[in-house]
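**Student:** This is what each chain is made of:
6 protein chains.
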Amino acid sequence: MLDEIATTPRSDERFKQGCERFMAVTGFPAQAFLDNLKDSSPDFGRYLIEWVFGDVYGRDDLDLKTRELVVIAAGAALGATGIDVLKFHIPNAIRVGATREQVFGALIQVSIVAGIPIALAAITAAGQILSDVNGAVE
Amino acid sequence: MLDEIATTPRSDERFKQGCERFMAVTGFPAQAFLDNLKDSSPDFGRYLIEWVFGDVYGRDDLDLKTRELVVIAAGAALGATGIDVLKFHIPNAIRVGATREQVFGALIQVSIVAGIPIALAAITAAGQILSDVNGAVE
Amino acid sequence: MLDEIATTPRSDERFKQGCERFMAVTGFPAQAFLDNLKDSSPDFGRYLIEWVFGDVYGRDDLDLKTRELVVIAAGAALGATGIDVLKFHIPNAIRVGATREQVFGALIQVSIVAGIPIALAAITAAGQILSDVNGAVE
Amino acid sequence: MLDEIATTPRSDERFKQGCERFMAVTGFPAQAFLDNLKDSSPDFGRYLIEWVFGDVYGRDDLDLKTRELVVIAAGAALGATGIDVLKFHIPNAIRVGATREQVFGALIQVSIVAGIPIALAAITAAGQILSDVNGAVE
Amino acid sequence: MLDEIATTPRSDERFKQGCERFMAVTGFPAQAFLDNLKDSSPDFGRYLIEWVFGDVYGRDDLDLKTRELVVIAAGAALGATGIDVLKFHIPNAIRVGATREQVFGALIQVSIVAGIPIALAAITAAGQILSDVNGAVE
Amino acid sequence: MLDEIATTPRSDERFKQGCERFMAVTGFPAQAFLDNLKDSSPDFGRYLIEWVFGDVYGRDDLDLKTRELVVIAAGAALGATGIDVLKFHIPNAIRVGATREQVFGALIQVSIVAGIPIALAAITAAGQILSDVNGAVE
Numbered sequence: 012m013l014d015e016i017a018t019t020p021r022s023d024e025r026f027k028q029g030c031e032r033f034m035a036v037t038g039f040p041a042q043a044f045l046d047n048l049k050d051s052s053p054d055f056g057r058y059l060i061e062w063v064f065g066d067v068y069g070r071d072d073l074d075l076k077t078r079e080l081v082v083i084a085a086g087a088a089l090g091a092t093g094i095d096v097l098k099f100h101i102p103n104a105i106r107v108g109a110t111r112e113q114v115f116g117a118l119i120q121v122s123i124v125a126g127i128p129i130a131l132a133a134i135t136a137a138g139q140i141l142s143d144v145n146g147a148v149e
Numbered sequence: 012m013l014d015e016i017a018t019t020p021r022s023d024e025r026f027k028q029g030c031e032r033f034m035a036v037t038g039f040p041a042q043a044f045l046d047n048l049k050d051s052s053p054d055f056g057r058y059l060i061e062w063v064f065g066d067v068y069g070r071d072d073l074d075l076k077t078r079e080l081v082v083i084a085a086g087a088a089l090g091a092t093g094i095d096v097l098k099f100h101i102p103n104a105i106r107v108g109a110t111r112e113q114v115f116g117a118l119i120q121v122s123i124v125a126g127i128p129i130a131l132a133a134i135t136a137a138g139q140i141l142s143d144v145n146g147a148v149e
Numbered sequence: 012m013l014d015e016i017a018t019t020p021r022s023d024e025r026f027k028q029g030c031e032r033f034m035a036v037t038g039f040p041a042q043a044f045l046d047n048l049k050d051s052s053p054d055f056g057r058y059l060i061e062w063v064f065g066d067v068y069g070r071d072d073l074d075l076k077t078r079e080l081v082v083i084a085a086g087a088a089l090g091a092t093g094i095d096v097l098k099f100h101i102p103n104a105i106r107v108g109a110t111r112e113q114v115f116g117a118l119i120q121v122s123i124v125a126g127i128p129i130a131l132a133a134i135t136a137a138g139q140i141l142s143d144v145n146g147a148v149e
Numbered sequence: 012m013l014d015e016i017a018t019t020p021r022s023d024e025r026f027k028q029g030c031e032r033f034m035a036v037t038g039f040p041a042q043a044f045l046d047n048l049k050d051s052s053p054d055f056g057r058y059l060i061e062w063v064f065g066d067v068y069g070r071d072d073l074d075l076k077t078r079e080l081v082v083i084a085a086g087a088a089l090g091a092t093g094i095d096v097l098k099f100h101i102p103n104a105i106r107v108g109a110t111r112e113q114v115f116g117a118l119i120q121v122s123i124v125a126g127i128p129i130a131l132a133a134i135t136a137a138g139q140i141l142s143d144v145n146g147a148v149e
Numbered sequence: 012m013l014d015e016i017a018t019t020p021r022s023d024e025r026f027k028q029g030c031e032r033f034m035a036v037t038g039f040p041a042q043a044f045l046d047n048l049k050d051s052s053p054d055f056g057r058y059l060i061e062w063v064f065g066d067v068y069g070r071d072d073l074d075l076k077t078r079e080l081v082v083i084a085a086g087a088a089l090g091a092t093g094i095d096v097l098k099f100h101i102p103n104a105i106r107v108g109a110t111r112e113q114v115f116g117a118l119i120q121v122s123i124v125a126g127i128p129i130a131l132a133a134i135t136a137a138g139q140i141l142s143d144v145n146g147a148v149e
Numbered sequence: 012m013l014d015e016i017a018t019t020p021r022s023d024e025r026f027k028q029g030c031e032r033f034m035a036v037t038g039f040p041a042q043a044f045l046d047n048l049k050d051s052s053p054d055f056g057r058y059l060i061e062w063v064f065g066d067v068y069g070r071d072d073l074d075l076k077t078r079e080l081v082v083i084a085a086g087a088a089l090g091a092t093g094i095d096v097l098k099f100h101i102p103n104a105i106r107v108g109a110t111r112e113q114v115f116g117a118l119i120q121v122s123i124v125a126g127i128p129i130a131l132a133a134i135t136a137a138g139q140i141l142s143d144v145n146g147a148v149e
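Residue numbers (the numbering used here), protein chains in the order written: chain A, 12 to 149; chain B, 12 to 149; chain C, 12 to 149; chain D, 12 to 149; chain E, 12 to 149; chain F, 12 to 149.
These are calculated hints, taken from the structure and not from any lab test. Remember, it's a predicted structure, so these values are computed and weren't measured experimentally. Every residue, glycine too, gets a C-beta built ideally from N, C-alpha and C. All clues stand as given, with none of them false.
In silico SDA-like cross-links for lysine to any residue, where the CA-CA straight-line distance does not exceed 25 Å:
(1) Lys27/D - Trp62/E
(2) Lys76/B - Asp50/D
(3) Lys27/F - Lys49/F
(4) Lys49/E - Asn103/E
(5) Lys27/A - Thr135/E
(6) Lys76/C - Arg111/A
A few chain B residues facing chain D, derived, Cβ under 10 Å:
(7) Leu89
(8) Phe115
(9) Ala130
(10) Leu131
(11) Thr135
(12) Ala137
(13) Leu141
If you anchor each label on the Cβ, the simulated ranges turn out as follows:
(14) Asp71/E - Gln42/B: 38 to 44 Å
(15) Asn145/D - Gln139/A: 49 to 55 Å
(16) Lys27/C - Lys27/A: 53 to 59 Å
Build the full structure now, drawing on both the sequences and the hints.
**Tutor:** And the structure:
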């Protein structure tokens, strides 16, 4: 039944905007991220750029700083699984105007729902990430 | 910086194919699903149809039966969070040709990685879901 | 060795401030919450008021609205475990000035890290919670 | 390759001992538990009795009371997924000699690693379970 | 009460079949795996071989290829906790006839329930595992 | 509304007792732990000492050995997120009188609720941790 439905057309405009927003948020070209997936699953890289940066980051319901603090909170709550989320989004949060105190404030707020070890690991990781960001800026 | 980038255009073709595949897989019109979200977050409903059924279910790397068993396994591994995944996908699995034995076989296979209580809850839920499916068919 | 250390004194001032902040954030007296635990573990109720509302909500690193959006994001990321977090904190978020759109925006942002079923359950729950809040206000 | 290996023989002695230990720990016949699975996956019920009660509960490294407090702690840490673990094991803990205070003490100890909402839900569930146990005893 | 029940006899036939199936699925002798646990918990190694490979892999409800894709999906859904599951089972999946495309297809299917960061980590790990498998074959 | 409530006073007596109990349980001065957080979030370090060691470890509902086995069980159940909990608490358990067999017994008991891969990772980590503890004692 499904085979009668033609393949979904790639939405090139959406992909292009996703790449532009990726660059605006992270300061790095999306291509570098996509290259990491080119030998495993390039389609997955494309979905991610299109959905996350093409769709979700194009919304106007949250300002960018709140958006980054929110995604840091959700990532931290995932524990070990979310450490890479912190590595990706904490530098973004600083770029779009969050202070170091707000990042730690968000992680302390996470500790009241996700528990001490998750918050401790996130705060320790954030300390390292922020010191790397700082080093890069200087 | 981001506000200079125009809003992502809705990819209507992709949405339309997503709705058709939703119907082909579940036997229900996508509109019924979308209506549940119309007062809360209609955009989220649209993303889901576009990405899950427009993009992922349009892939040809897995046949539909394996695809449904795989998503049942991943959903079961999420524990209480994934019970709704089972309610949605177990009837789909049967529709696309999986047997009752294969569904339980997949959940027993999940038990070796996700543990006894998760598997016990999934198997109990599956028993109920399959008996409802059966009742509906007769 | 530990038995030589006297029992920790209850920090009454901290508890009192926790109760006041609980009322300020939720609109309900802390006593109603504490009464739910009086036959099981009253000490745990006290720890919660003291740490969460005495310590963490007394911090000045995040404004209250961001604090509530952050805790909603972390709670949503916990899946079924966090639904009660949403029931508690979404009405608080509205009370301290978040809009309905910001709450859904935060949950959509969570979807990019915690996945579709977690976000779908959170958005569905939020729709119900917000409609109850609205009903109560009118 | 695997099809040349004959089916694993059922270890009837191990199953029989599992049933006896199930009865000794829970106060209920294993058959009642197995009957719940007879229309879905009776094999899974058998694995559970054999491994959990045939193998693990036959070990002599932990006394039964500690064993039950340990499994309650692990179950509580699973959040919503583990509530059924609490329903099954808290009455067992009381049966094998744990006090009500020790059960709540274990759940408070869990709160320091698994977080406030998980502990709050577990303590609330335990309060109800213990009041049912008490009602049944009187 | 429990001490009147004699110790569960080791089911040597089941263990022997478990070892044979372990070898058939993984290409490595079970003894190498068991040796890793000989100084910590040899009993646990034995339970694992007996239950996972003696019982579950002896079932005929799923063919081996589907069984491996299902366990990869469940393992991937566990996030950081499941990366070792991928390291163990992805080479097995290839051995029993799954293609590289099917492995990535399963992980993309997992992304729709377990979220982007979990799928991204799994796909990245799979790319590395598959390149090691390939290197070993050549 | 909240800004009318003065900042929560630091409960110095509770902090002091927390530090003493930290030393009694772990054998290390709390200051070493606090120093790790001094550049990121010293407040979080203080909350942890006050709540975990000031409040919870001051309770008399569980003896210290059971308390440590319970927290090891809950930590193990968290999977990859909880490995640091094991690194912190397994040496404590040995210090307060648990045997090596009881630690592994607790982890095997965890395997029946949290699954094989979580238990396997915990048992493997425990083997390494216990061999380091042993090396340090000799």
